[in-house]
Amino acid sequence: MPQAQANPESYHPIIYIRGFAMNQSDIDETTADPFCGFNVGSTVFRARPSPSPPARFVFESPVMRLVSDHGYANVITQGTDLTTPGFNAPIPRRSVVVHHYYDQASALLGDGRVPPIDKFAQDLASLIERMQALVIVGPDGYQSREDFRCYLVAHSMGGLVARAFLQNRAFDPNNLYKKVLKLFTYATPHNGIDVLGMNVPSFLRTHEIDTFSRGTMSKYLNLVQRYKATESVAWMPQECLAASKIFTFIGTNRQDYEVAFGLSRTFVGKGSDGLVKIQNADLAGYDNAGIVEPCAKAFAFRSHSGFFGIVNSEEGYQNLQRFLFGTYRVDVWLDVNDVKLPPGKLADADANGTLDATYPVEVLISLRNKPWYLTRRVAVEDSAAVFEHKALREAGGRTPAVQKLLSTVFMADWGKRNPNDPTVAYRLQLSVLMPDFQVSGADASEGQYEGSKIFSGAVIIVLTTDTVPWTAKYYWESDAPGSTAPPVQRDLALTPVGPAGSGKFSATVQVSSGHPVNLDAQVRFEISAWQ
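By the working numbering, the letter at position 245 of the sequence shown is numbered 245, and the numbering carries on one by one without gaps.
What the hints contain is simulated information worked out from the structure, not anything from laboratory work.
The model shown is predicted, which means the values in this text are computed figures rather than measured ones.
Among the hints, erroneous ones may be present.
Just the calculated beta-carbon pair ranges, DEER-fashion [claimed, not checked]:
#1 Val-497 - Gly-396: 24 to 34 Å
#2 Phe-87 - Arg-398: 58 to 68 Å
#3 Ala-480 - Ala-289: 18 to 28 Å
#4 Gly-396 - Gln-5: 50 to 60 Å
#5 Glu-146 - Gly-396: 48 to 58 Å
#6 Asn-88 - Val-497: 23 to 33 Å
#7 Pro-496 - Trp-476: 22 to 32 Å
BS3-like cross-link-like pairs, simulated, lysine-lysine; straight-line CA separation at most 25 Å [claimed, not checked]:
#8 Lys-345 - Lys-404
#9 Lys-179 - Lys-228
#10 Lys-219 - Lys-245
#11 Lys-340 - Lys-404
#12 Lys-453 - Lys-390
#13 Lys-404 - Lys-390
#14 Lys-416 - Lys-453
Each residue gets a CB set at the ideal place from its N, CA and C atoms; glycine is no exception.
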């Protein structure tokens, strides 16, 4: 396969940080693996959440694909690497470096004692400093050593190691965090791990599992005051790394997580990847004024690890490479103005404030000519977005009453099948499901059928980027059902947003239904160039 022709300036060394190892055997196994699992691929995937046999799909591994697609190289020379004392081989700009933080805790290369996460974060700072000293400067590298930057790619607890380094200056006295350009996390418990509805109960606080309790996390993430105010540690100060430079990739398949003979998925429960709750794998940025900005995110029906794991997935890699080296970014929002109810019991209960309902929102996003989804949020997999009817009522007529970031899409010119095509295109499949209505806590659903949808449709967005300014068109698949010929495309207005010259645009597509339960909403696309 020919290598992708990405912008050479988008290439920087990638540091991979693996996840949590629960016992000594796991620690020794990862120590003996030069890539700590980043070299593991898969030949199977689940097309749907069912007990039917899996489908065959060969994914070589993130490392192999970075090598074959983008010309990356590993930093290993005659059996030595950056963890070897005296290693001084030059480091290419396109290189994959693994943070071997568990070596010191292994019975193979260490003393068998696991240090706290503070030490892992300090070692990450030292690793980046050493990389800067060895990176190639010249025609095939950086113009100067100060120009060195890197990407952090982390799985599970590795994302917390990265955050501790980025957020806590006590672990990074030389301010190496400024060298990090982007952070991509797979299935990281950014807001801790919940077991049986509790955040790491005391009876499980062994083998360093307390690392995932929010109280402990608030200390090593330097978020003690923020945690007290919000009861959450899923925060990244913008001064440490901008939220726009962070991507959280979230797994939704708990059934295939086999750790501890399946006990983990049993105790963690639904709405998880088997270990990390979906709601805990997200992250947001905030600034000194308290303004909150969500990080980019996408979802896949993958488990925390294993044959059907999230790191060894095509979906994960496609999001990773587009986030690191892509050309365009689209944040997909659902703005809900109102949901009008038919006259009668439900409308009366809404008027007197006793009606409750949770609306599931399903979304699947795919790219033109690609056989996979960039994001998949489906109610049966417990990954749908939701909004509450109470929030609509409390908005008091303000529009939009509810704003939900559904997912973020990164696209790349180098990913087109036809490189001469001036457009990039994606498909958004959106469904808003009929909820179970309640009045004063009692079921009030009458005359409804399970599986009914208030709205369901698929829209194709086509963005033309070789003009100034950019232009866009869209069409609904329902405009030409069963036809292979493209329907008439409608113009999609791109409205400049943000500071003048920022290159950011906003576009909206109306979403409404003729159902007795009537939805008034729009899908909002925040579009920008990406680097």
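Outcome of the hint check:
For the hinted restraint 24 to 34 Å between Val-497 and Gly-396, the CB-CB distance of approximately 25 Å keeps it satisfied. For Phe-87 and Arg-398, the Cβ-Cβ distance of about 59 Å falls inside the hinted range of 58 to 68 Å, so the restraint holds. The supplied range of 18 to 28 Å is broken by Ala-480 and Ala-289, whose beta-carbon atoms lie about 48 Å from each other. Checked against the hint of 50 to 60 Å, the C-beta distance between Gly-396 and Gln-5 comes to roughly 52 Å, which is consistent with it.
The hinted window of 48 to 58 Å between Glu-146 and Gly-396 holds, with their beta carbons roughly 53 Å apart. Checked against the hint of 23 to 33 Å, the C-beta distance between Asn-88 and Val-497 comes to roughly 48 Å, which is inconsistent with it. A C-beta distance of roughly 26 Å is found between Pro-496 and Trp-476, which places it inside the suggested range of 22 to 32 Å. In summary, the hint linking Lys-345 to Lys-404 is not supported, as the alpha carbons are separated by about 28 Å, beyond the 25 Å threshold.
This hinted pair does not check out: Lys-179 and Lys-228 have alpha carbons roughly 30 Å apart, beyond 25 Å. Using a Cα cut-off of 25 Å, the hinted pair Lys-219 and Lys-245 holds, with the two alpha carbons roughly 23 Å apart. Taken as a hint, the Lys-340 and Lys-404 pair is honoured in the structure, with Cα atoms around 19 Å apart against an allowance of 25 Å. Restraint check: the Cα-Cα separation between Lys-453 and Lys-390 comes to about 19 Å, which is no more than 25 Å; the hinted pair holds.
Taking the CA atoms of Lys-404 and Lys-390, the gap is about 15 Å. The hint holds against a cut of 25 Å. Simply put, Lys-416 and Lys-453 have alpha-carbon atoms about 34 Å apart, too far for the 25 Å limit, and the pair is violated.
Consistency note: the structure conflicts with the earlier hints numbered 3, 6, 8, 9 and 14.
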